[in-house]
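**Student:** Each chain, written out:
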Amino acid sequence: MEAVPLPFVRTVELTIDGQAVRVPEGTTLLHACQAMGIDTPTVCYSENLTPVNVCRVCVVEVEGSRVLVPSCSRPAEPGMVVHTDSDRVRHSRRLVLELLGSSVDLSTAEPKMLADMERYGAVPERFDTGEMTGHGAKATVQQPVKVDNNLYVRDYSKCVLCYKCVEACGTDAQNTFAIAVAGRGFNATIATEFETPLPDSACVYCGNCIGVCPTGALMFKTEHDMREAGTWNESAQKVTDTICPYCGVGCTLQLHVQDNSIVRVTSPHDHDVTEGHLCIKGRFGWQFVQNRP
Amino acid sequence: MSKNSTCPSLWARVEACTDVDLHLIPGATASHDEREAIDAALDGARPERHLLLPALHAAQARVGWISPGALNHICARLSVPPAEAYGVASFYAMFATTARAPRTVHVCDDIACRTQGAEGLCQALTDKFGAAGEDASGLGGAATWVRSPCLGLCEQAPAALVQRAGEARGDEAVAFASLDDLILAVESGTVRSPQQTLAPQTESPRDPALRLLRRVGVADPSSLDDYRAHGGYVALRKALSMGPERVLREVLESTLVGRGGAAFPTGRKWEAVARNPMRPHYLVCNADESEPGTFKDRVIMEEDPFALIEAMTIAGITTGCELGYLYIRGEYPKATARLAHAISQARTRGWLGDNIMGEGATFDIELRRGAGAYICGEETSLFNSLEGLRGEPRNKPPFPVHEGLFHKPTVVNNVETLVNVLDILAHGGPTFAASGTPGSSGTKLFCVSGCATRPGLYEAPFGITLGELITLAGGVADGRSLQAVLLGGAAGVFVTPDELEMPLTFEGTKAAGATLGSGVIMLFDDRVPLGDVLIRIASFFRDESCGQCVPCRVGTMRQEEALHRLVAGRTNREGEIGLINDLAMVMRDASICGLGQTAASAVQSALQKFPLDSLGPRLATPAGPAKTPEAH
Numbered sequence: 001m002e003a004v005p006l007p008f009v010r011t012v013e014l015t016i017d018g019q020a021v022r023v024p025e026g027t028t029l030l031h032a033c034q035a036m037g038i039d040t041p042t043v044c045y046s047e048n049l050t051p052v053n054v055c056r057v058c059v060v061e062v063e064g065s066r067v068l069v070p071s072c073s074r075p076a077e078p079g080m081v082v083h084t085d086s087d088r089v090r091h092s093r094r095l096v097l098e099l100l101g102s103s104v105d106l107s108t109a110e111p112k113m114l115a116d117m118e119r120y121g122a123v124p125e126r127f128d129t130g131e132m133t134g135h136g137a138k139a140t141v142q143q144p145v146k147v148d149n150n151l152y153v154r155d156y157s158k159c160v161l162c163y164k165c166v167e168a169c170g171t172d173a174q175n176t177f178a179i180a181v182a183g184r185g186f187n188a189t190i191a192t193e194f195e196t197p198l199p200d201s202a203c204v205y206c207g208n209c210i211g212v213c214p215t216g217a218l219m220f221k222t223e224h225d226m227r228e229a230g231t232w233n234e235s236a237q238k239v240t241d242t243i244c245p246y247c248g249v250g251c252t253l254q255l256h257v258q259d260n261s262i263v264r265v266t267s268p269h270d271h272d273v274t275e276g277h278l279c280i281k282g283r284f285g286w287q288f289v290q291n292r293p
Numbered sequence: 001m002s003k004n005s006t007c008p009s010l011w012a013r014v015e016a017c018t019d020v021d022l023h024l025i026p027g028a029t030a031s032h033d034e035r036e037a038i039d040a041a042l043d044g045a046r047p048e049r050h051l052l053l054p055a056l057h058a059a060q061a062r063v064g065w066i067s068p069g070a071l072n073h074i075c076a077r078l079s080v081p082p083a084e085a086y087g088v089a090s091f092y093a094m095f096a097t098t099a100r101a102p103r104t105v106h107v108c109d110d111i112a113c114r115t116q117g118a119e120g121l122c123q124a125l126t127d128k129f130g131a132a133g134e135d136a137s138g139l140g141g142a143a144t145w146v147r148s149p150c151l152g153l154c155e156q157a158p159a160a161l162v163q164r165a166g167e168a169r170g171d172e173a174v175a176f177a178s179l180d181d182l183i184l185a186v187e188s189g190t191v192r193s194p195q196q197t198l199a200p201q202t203e204s205p206r207d208p209a210l211r212l213l214r215r216v217g218v219a220d221p222s223s224l225d226d227y228r229a230h231g232g233y234v235a236l237r238k239a240l241s242m243g244p245e246r247v248l249r250e251v252l253e254s255t256l257v258g259r260g261g262a263a264f265p266t267g268r269k270w271e272a273v274a275r276n277p278m279r280p281h282y283l284v285c286n287a288d289e290s291e292p293g294t295f296k297d298r299v300i301m302e303e304d305p306f307a308l309i310e311a312m313t314i315a316g317i318t319t320g321c322e323l324g325y326l327y328i329r330g331e332y333p334k335a336t337a338r339l340a341h342a343i344s345q346a347r348t349r350g351w352l353g354d355n356i357m358g359e360g361a362t363f364d365i366e367l368r369r370g371a372g373a374y375i376c377g378e379e380t381s382l383f384n385s386l387e388g389l390r391g392e393p394r395n396k397p398p399f400p401v402h403e404g405l406f407h408k409p410t411v412v413n414n415v416e417t418l419v420n421v422l423d424i425l426a427h428g429g430p431t432f433a434a435s436g437t438p439g440s441s442g443t444k445l446f447c448v449s450g451c452a453t454r455p456g457l458y459e460a461p462f463g464i465t466l467g468e469l470i471t472l473a474g475g476v477a478d479g480r481s482l483q484a485v486l487l488g489g490a491a492g493v494f495v496t497p498d499e500l501e502m503p504l505t506f507e508g509t510k511a512a513g514a515t516l517g518s519g520v521i522m523l524f525d526d527r528v529p530l531g532d533v534l535i536r537i538a539s540f541f542r543d544e545s546c547g548q549c550v551p552c553r554v555g556t557m558r559q560e561e562a563l564h565r566l567v568a569g570r571t572n573r574e575g576e577i578g579l580i581n582d583l584a585m586v587m588r589d590a591s592i593c594g595l596g597q598t599a600a601s602a603v604q605s606a607l608q609k610f611p612l613d614s615l616g617p618r619l620a621t622p623a624g625p626a627k628t629p630e631a632h
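Chains as they are written, first to last, in the working numbering: chain A, 1 to 293; chain B, 1 to 632.
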């Protein structure tokens with residue numbers, strides 16, 4: 001019998017929360033933690049996008065490092081001693097979640113984000129300490145919803161500025177570059193050039209920005225309208241996997257159906273073909289399915 | 001600058017293609033003036049993304065704002081998506097993305113200028129012309145005034161900068177500004193009180209021990225020959241004859257550390273890049289001096305520009321760089337003009353470019369202007385800014401010596417650091433190492449401002465105490481008593497009059513829980529309302545945060561809000577202090593870069609060292625030059 005050589009993979013050994021662990025070289029601390037079953041909160045991280053390490057909620061403490069390091073993008077190094085649940089880590093995670101909660105409407109955020117707020121004891125309300133001096137109310141990103149097309153809406157009151165939509169619109173998926181971060185500091189927002197309405201921008205309505213948005217700031221217009229009307233009911237929805245009928249690529253579609261109508265289309269982030277990304281046809285072109293006589 | 005002299009029509013064809021590939025803003029066309037200015041800025045250069053900032057500067061300087069038409073033209077020329085170009089333009093304070101009057105007077109209301117009555121000037125300007133940012137009343141949309149963070153003219157406070165779009169005379173600073181000076185600047189753009197050079201040790205009787213300042217006030221900054229007559233270009237010739245390896249050894253032996261604030265050993269930085277097999281290497285001179293209270297690099301660049309050019313040439317040749325970028329803050333028009341002149345003189349003489357001094361080495365310098373963003377002084381933000389991206393910091397590691405500008409090995413040095421290299425070569429590394437103290441070799445430039453009798457730039461050997469330096473500057477002005485000193489700038493710490501024995505060295509300040517930072521020594525007399533100063537520092541960081549990471553973007557906002565409440569004394573103090581301390585910890589621990597990590601530093605030190613009662617009630621005290629009864 002002939003021996004089949006395994007591909008040679010260099011590994012590094014490090015210690016996480018007192019446990020020695022060996023991972024392939026190049027593995028991020030986040031993935032090392034995941035492999036050990038350590039639940040790490042993330043906001044701006046997504047499997048199908050390049051890590052931008054801006055939310056800072058996944059930070060861990062590495063001995064010898066002056067500041068905490070973002071686990072999503074820091075590769076494991078030999079001999080690293082990592083703490084994922086130290087006081088400093090818990091403090092930073094709690095504060096990051098509190099700061100987001102105090103400035104952004106998280107009412108439609110991913111359930112995991114809300115669960116992490118509970119887990120770390122985040123109380124965003126403690127920044128609402130009443131009267132402000134010469135400053136009016138506490139600053140938030142509150143602003144009107146942008147509804148400028150029939151396919152999706154942009155509610156930047158719910159935007160945590162995770163950069164995911166910009167990445168999906170750019171080189172990580174669509175290469176359309178219709179949106180970017182504009183402005184600076186607390187006033188930074190996701191915007192088209194000069195806040196041009198989407199129909200006048202470079203947007204091609206692939207909806208990949210919606211697919212990666214963690215807070216519902218970007219939302220199907222169907223979902224937005226149903227929420228406005230009070231008819232959105234996620235528990236009554238059925239999700240059906242199918243293959244997009246339009247072209248030969250064969251993207252997997254997940255049709256979210258409520259009351260026998262398609263209300264939203266997604267694709268699994270871990271899917272080999274799509275990595276969660278679709279085009280305008282798969283994402284929005286489903287009307288013919290329910291074109292009832 | 002890399003030029004395309006062989007095939008000019010190629011780039012015309014490339015441009016024709018981009019019109020198809022890019023989705024430009026419908027119906028927006030550049031005016032003739034805008035087109036002419038942008039084309040002139042991009043003349044002959046390969047149309048690449050890193051020219052975005054120079055192109056935006058050209059449009060802004062011609063018409064006073066970045067119009068959709070101008071943005072379209074820039075995007076078409078450089079093949080940049082409009083959304084990204086808008087993201088870059090809207091990042092910088094000196095670019096307006098909505099129509100603005102061509103003449104804009106930026107009035108500094110930052111901490112040093114506040115001690116000299118800046119807030120009163122702003123109030124008076126509001127009464128005269130209307131609110132900041134609005135068209136100045138009665139001038140038919142020709143001018144406006146805005147509040148500005150530190151302009152780097154702290155020793156000549158109060159200061160302002162006049163941006164004059166579409167005028168050949170360009171931008172110009174106003175120093176020791178009176179209300180009449182500012183009104184004149186708004187109404188006609190005329191600067192009646194131009195900036196000066198305040199380095200008291202260079203005045204008669206001149207301090208013979210000056211090293212970094214030895215040519216200031218003596219050599220003509222516009223003359224290469226005069227620079228040579230005062231010892232210039234001796235170091236470069238010596239470096240060329242010694243060869244890179246020996247120069248590197250001298251710099252290592254000198255134990256020189258960076259003067260920009262982080263105090264990293266310069267020789268180790270140079271060595272790491274020189275030994276890096278990846279090519280090309282880049283040199284970047286960080287002249288984006290924006291730390292409130294800092295003006296040392298400005299004085300060197302204005303008064304001894306050739307010294308910086310010579311030092312950069314040595315650094316470039318030693319570390320294997322053929323191109324160096326000199327990134328100067330946008331608010332320094334005088335220094336920019338003098339450096340541009342010095343670079344062209346050196347090029348003409350054959351001391352920049354190919355075959356320098358006939359010795360075969362190649363090195364050239366490209367001068368780039370920032371556009372009003374403190375964050376771009378952070379080295380990785382500076383790289384992004386140079387590359388035509390938003391000036392957002394990158395995560396480290398990788399460090400610049402491995403992956404810096406254009407993701408190539410990069411040496412980044414501060415102006416003062418580089419100029420020290422001339423002395424190291426003149427006298428040898430070990431001699432340099434023997435000066436100062438064992439932990440801090442050489443001399444240091446100190447920026448003295450605020451309530452000092454003789455504010456200005458001072459040079460002193462490391463080891464001088466804080467008290468001695470204050471004495472050198474004539475002590476506190478008007479016979480008042482000292483309340484506090486801000487050491488190291490807005491990112492530094494406050495020290496009390498009990499700490500004047502502190503030796504001004506990297507190790508001495510560190511031992512005292514302080515920092516030398518960029519050499520800021522800002523004095524506050526007993527009349528200055530400290531609470532108002534703290535709020536201004538907090539609002540500075542809120543304003544200058546790039547917005548990328550949550551701890552800094554939201555944390556700096558919440559810190560400022562909590563300080564407003566604390567100083568007003570209307571809510572429970574323990575609660576507010578608890579919030580402020582919580583914010584300080586997350587900003588220090590979890591921010592991406594030094595801006596967020598130090599955004600609470602000065603505030604924390606003040607809250608620890610000064611009684612809370614000294615913050616609030618003083619706001620009501622009308623005495624003193626800083627008339628700030630209410631926080632802005």
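There's no promise every hint is true.
Keeping only pairs whose Cα atoms sit at most 20 Å apart, straight-line, the calculated EDC-like set for lysine to aspartate or glutamate is [said to hold, decoys possible]: (1) B:Lys396 / A:Asp17; (2) A:Lys281 / A:Asp241; (3) A:Lys138 / A:Glu125; (4) B:Lys396 / A:Glu63; (5) B:Lys408 / B:Glu359; (6) B:Lys396 / A:Glu77; (7) B:Lys609 / B:Glu574; (8) B:Lys396 / A:Glu25; (9) B:Lys334 / B:Asp220; (10) B:Lys128 / B:Asp220; (11) A:Lys138 / B:Asp543; (12) A:Lys238 / A:Asp259; (13) A:Lys112 / A:Asp270; (14) A:Lys146 / A:Glu77; (15) A:Lys281 / A:Glu223; (16) B:Lys238 / B:Asp220; (17) A:Lys138 / B:Asp220; (18) A:Lys146 / A:Asp225.
Just a sample of chain B residues kept apart from chain A, beta carbon distances all over 12 Å, derived [said to hold, decoys possible]: (19) Arg237; (20) Pro397; (21) Val586; (22) Gln604.
Since the hints were derived computationally from the structure, they do not count as laboratory data. C-beta: ideal position from N, C-alpha, C; glycine also.
**Student:** Run the distance test for lysine 138 of chain A versus glutamate 125 of chain A: straight-line Cα separation, threshold 20 Å.
**Tutor:** At roughly 11 Å apart (the allowed maximum being 20 Å), glutamate 125 of chain A and lysine 138 of chain A satisfy the hint.
**Student:** Is the straight-line distance between the alpha-carbon of lysine 138 of chain A and that of aspartate 220 of chain B 20 Å or less?
**Tutor:** violated, 54 Å
**Student:** If we take the beta carbon of arginine 237 of chain B, is the closest beta carbon in chain A still more than 12 Å away?
**Tutor:** The claim holds: arginine 237 of chain B sits with its nearest Cβ about 41 Å from chain A, beyond 12 Å.
**Student:** So if I understand the rule, the pair passes when the alpha-carbon distance is 20 Å or less; does lysine 128 of chain B with aspartate 220 of chain B pass?
**Tutor:** violated, 41 Å
**Student:** Holds or violated: lysine 281 of chain A with glutamate 223 of chain A, Cα cutoff 20 Å?
**Tutor:** Distance ~18 Å between lysine 281 of chain A and glutamate 223 of chain A Cα, so the pair holds.
**Student:** Between the alpha carbons of lysine 396 of chain B and glutamate 63 of chain A, is the straight-line distance 20 Å or under?
**Tutor:** Judged against 20 Å, a Cα distance of about 16 Å means the pair holds.
**Student:** Hint check: lysine 408 of chain B vs glutamate 359 of chain B, CA-CA at most 20 Å. Holds or violated?
**Tutor:** Not satisfied, since the Cα-Cα distance of roughly 26 Å exceeds 20 Å.
**Student:** Hey, is glutamine 604 of chain B genuinely clear of chain A, shortest beta carbon separation above 12 Å?
**Tutor:** holds, 15 Å
**Student:** Is the Cα-Cα distance between lysine 281 of chain A and aspartate 241 of chain A 20 Å or less?
**Tutor:** holds, 16 Å
**Student:** For the pair supplied as a hint, lysine 238 of chain B and aspartate 220 of chain B, confirm whether the alpha-carbon distance does not exceed 20 Å.
**Tutor:** violated, 23 Å
**Student:** Between the alpha carbons of lysine 112 of chain A and aspartate 270 of chain A, is the straight-line distance 20 Å or under?
**Tutor:** Given pair lysine 112 of chain A, aspartate 270 of chain A holds - Cα atoms ~18 Å apart, limit 20 Å.
**Student:** Need the status of pair lysine 146 of chain A, glutamate 77 of chain A: alpha-carbon distance at most 20 Å?
**Tutor:** Violated. Lysine 146 of chain A to glutamate 77 of chain A sits at ~45 Å, over the 20 Å cutoff.
Violated hints, in rising order: 1, 5, 10, 14, 16, 17, 20, 21; the structure is consistent with all others.
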